[in-house]
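Trainee: Next come the chains, spelled out residue by residue.
There are 2 protein chains.
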Amino acid sequence: MPDRLTLLRQSLRALNLTAFLVSSPSHLRYLFGFTGSNGIGLITSNQSFFVTDWRYREQAEQEVHDAEVLSAFRDLFAALKERNLLRVGERLGYESPHLNCAMFAHLRKTFPQIGLTGTQFVVEKIAARKSPEEIDAIRRAIAISARVWDEVLPLIKPGVKESEIAAEMVYRGRKLGADREAFEPIVASGWRSALPHGVSSHKVIQPGDMVLIDFGFVVDGYPSDITRTIAAGQPDKRLKHAYEVVRQANALALARIRPGYKGLEFDMVVRDYMISQGLGEAFNHSLGHGLGIGLHSWPRLGPTSEDQIPVGAVVTIEPGVYLPGVGGVRIEDDVLVTESGGELLTPIPRDLICVA
Amino acid sequence: MPDRLTLLRQSLRALNLTAFLVSSPSHLRYLFGFTGSNGIGLITSNQSFFVTDWRYREQAEQEVHDAEVLSAFRDLFAALKERNLLRVGERLGYESPHLNCAMFAHLRKTFPQIGLTGTQFVVEKIAARKSPEEIDAIRRAIAISARVWDEVLPLIKPGVKESEIAAEMVYRGRKLGADREAFEPIVASGWRSALPHGVSSHKVIQPGDMVLIDFGFVVDGYPSDITRTIAAGQPDKRLKHAYEVVRQANALALARIRPGYKGLEFDMVVRDYMISQGLGEAFNHSLGHGLGIGLHSWPRLGPTSEDQIPVGAVVTIEPGVYLPGVGGVRIEDDVLVTESGGELLTPIPRDLICVA
Chain W
1 MPDRLTLLRQ SLRALNLTAF LVSSPSHLRY LFGFTGSNGI GLITSNQSFF
51 VTDWRYREQA EQEVHDAEVL SAFRDLFAAL KERNLLRVGE RLGYESPHLN
101 CAMFAHLRKT FPQIGLTGTQ FVVEKIAARK SPEEIDAIRR AIAISARVWD
151 EVLPLIKPGV KESEIAAEMV YRGRKLGADR EAFEPIVASG WRSALPHGVS
201 SHKVIQPGDM VLIDFGFVVD GYPSDITRTI AAGQPDKRLK HAYEVVRQAN
251 ALALARIRPG YKGLEFDMVV RDYMISQGLG EAFNHSLGHG LGIGLHSWPR
301 LGPTSEDQIP VGAVVTIEPG VYLPGVGGVR IEDDVLVTES GGELLTPIPR
351 DLICVA
Chain Y
1 MPDRLTLLRQ SLRALNLTAF LVSSPSHLRY LFGFTGSNGI GLITSNQSFF
51 VTDWRYREQA EQEVHDAEVL SAFRDLFAAL KERNLLRVGE RLGYESPHLN
101 CAMFAHLRKT FPQIGLTGTQ FVVEKIAARK SPEEIDAIRR AIAISARVWD
151 EVLPLIKPGV KESEIAAEMV YRGRKLGADR EAFEPIVASG WRSALPHGVS
201 SHKVIQPGDM VLIDFGFVVD GYPSDITRTI AAGQPDKRLK HAYEVVRQAN
251 ALALARIRPG YKGLEFDMVV RDYMISQGLG EAFNHSLGHG LGIGLHSWPR
301 LGPTSEDQIP VGAVVTIEPG VYLPGVGGVR IEDDVLVTES GGELLTPIPR
351 DLICVA
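Line order of the protein sequences matches chains W and Y.
Every letter in the first sequence is one number past the one before it in our numbering, and letter 288, counting from 1, is 288.
Every letter in the second sequence is one number past the one before it in our numbering, and letter 351, counting from 1, is 351.
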């Protein structure tokens with residue numbers, strides 16, 4: 001596989017751009033190895049530069065590869081201007097979702113005579129096809145997550161706070177060698193499990209609650225992202241039905257995953273099944289997303305996604321059903337897209353577990 | 001004190017705006033109570049609206065106050081357009097640092113005939129003056145942090161990994177009732193302590209290392225932000241000197257804090273002192289920042305900050321010295337700005353502690 005900057009330069013030529021400004025922190029890590037939170041990258045047809053502010057100069061000098069490191073007191077664009085790196089006639093692409101309006105205005109003012117073109121998913125599409133080393137990091141993040149799940153499962157029962165479960169997960173993942181959580185864990189019980197993205201609160205788990213747990217860890221910059229839902233005692237029968245439907249939907253998604261199709265095609269298969277079970281309205285989010293640097297990444301598996309799934313991508317499949325005031329169920333797995341279909345990476349069982 | 005939306009409408013009139021678009025998640029929480037990660041707010045002269053996507057509809061209906069809740073399949077601006085909430089001739093302010101270029105382009109396209117004006121620090125300036133309840137939340141976040149510090153201090157010694165210290169801090173803060181960390185804790189030892197923002201790695205603490213620990217927790221949406229540096233055995237004498245200088249600089253900043261001055265004036269006092277000690281170059285970041293919703297907030301205490309410090313603000317004072325390849329020292333405290341000066345909120349001692 002050609003290296004990342006070579007692939008990026010190919011994309012630039014296809015987009016009729018002569019240079020590219022990288023502003024997403026996860027893309028700066030992907031291309032240059034920088035792990036700090038403030039910097040920009042500039043890639044031209046034959047050079048590449050990384051610019052950061054005075055706080056990160058030392059860190060950048062140690063971490064950054066494949067780019068010349070420049071540092072600025074505060075004004076990162078001024079450092080590019082001083083070196084005269086962008087000339088009249090240049091066509092510079094920038095990352096629309098990863099550049100804020102204040103920075104854009106400053107870019108425009110610093111380089112009034114440069115053509116600026118907003119782009120989306122340029123680096124994301126390159127990063128979607130994972131190397132064996134990247135897949136290995138995701139596997140290790142998943143392995144830690146599975147061990148955390150085994151350790152935490154006995155602690156989930158009526159009388160325990162959602163936030164206590166979250167604390168135990170965070171602690172154990174880090175002790176097992178994760179760099180950090182991939183995102184703030186969601187531990188949502190009872191009526192709160194009907195909030196698809198409700199993080200955790202100090203609510204105490206009650207008998208009969210569904211407990212939805214969405215968690216993941218980062219290893220060497222690569223995340224896992226897994227959801228399981230368990231019952232703290234006998235659940236409402238609507239939720240038992242929901243569980244069976246979501247489990248079938250998860251299996252259906254896994255069976256269908258293969259490269260070359262659009263995200264919306266996988267989403268539609270699962271959504272049609274949900275509708276056939278009377279739960280179409282209750283499945284109120286996308287089927288899944290690419291998993292990698294930046295967590296929620298390209299390709300998107302949603303009802304309007306034209307993203308074509310490549311071999312070597314890792315995607316989540318996460319059907320869910322949410323019944324306001326009653327509770328919710330989601331089962332989320334991580335899947336590697338191979339030539340022949342999808343390889344399930346998550347080893348945690350999917351049967352409904354009733355505790356207490 | 002007038003309520004938050006009344007103050008915001010006063011700001012809009014002063015800026016000659018007829019409406020305001022809120023896109024920062026922490027501002028959406030501050031104004032409307034929403035704790036999710038995707039939404040926008042619209043404030044007009046006599047109405048206010050909160051819009052979120054289908055995933056967050058249920059959560060928004062439960063959490064949001066002081067606004068009518070609208071929900072959209074995906075396109076949040078379309079929901080505003082459908083209701084005809086922005087008409088020709090309207091002058092809409094948006095938050096430049098909190099709106100990305102992709103969203104801006106979509107806003108422009110949805111409302112081609114509306115005047116759009118980029119703003120900075122509109123909500124931040126209102127939020128800077130804290131109510132007694134907000135100050136109380138910060139005090140509780142600091143109290144948890146101080147207990148975590150007491151519990152973790154005995155664990156810091158040669159042979160322990162930075163990441164293990166971070167895991168213990170995160171766990172204990174959550175067990176003591178924090179909602180979560182205010183930011184990923186920095187535990188940086190030895191040469192890594194010379195990286196001002198180096199988070200934690202799996203490096204093992206060595207005898208003689210300086211160990212710089214920057215941490216904080218969130219309680220009810222409000223953070224603490226504290227740094228202490230300890231020595232794991234006898235440190236290099238340059239670092240001992242650095243410690244004394246930083247300690248003096250911290251005390252100097254605390255003694256000088258009072259309302260009505262500009263951020264740069266406080267920064268300058270401390271920076272001049274650092275220069276007088278031959279460590280001007282080694283103090284390579286700002287003196288501090290406003291502390292509140294959004295963590296790093298207005299007013300900024302840096303070398304170019306014209307921000308005038310108001311009574312009721314909470315600010316950090318965090319002088320530091322970083323010697324590349326050798327190590328670093330930072331001492332950071334949280335200070336409430338009162339009529340008469342600054343009230344130190346952080347109870348953790350500042351003497352150099354040598355462990356092992």
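Treat the hints with care, as some may be off.
Rough simulated footprint, nothing fancy, chain W against chain Y, three-plus residues with beta-carbon under 8 Å [claimed, not checked]:
{"id": "1", "segment": "46–57"}
{"id": "2", "segment": "158–167"}
{"id": "3", "segment": "170–178"}
{"id": "4", "segment": "185–199"}
{"id": "5", "segment": "223–237"}
Note that these hints are calculated values from the structure, not bench results.
For every residue, glycine included, the Cβ atom is placed at its ideal position computed from N, Cα and C.
Trainee: For this structure, which hints from the list above don't hold up?
Mentor: The structure breaks only hint 5.
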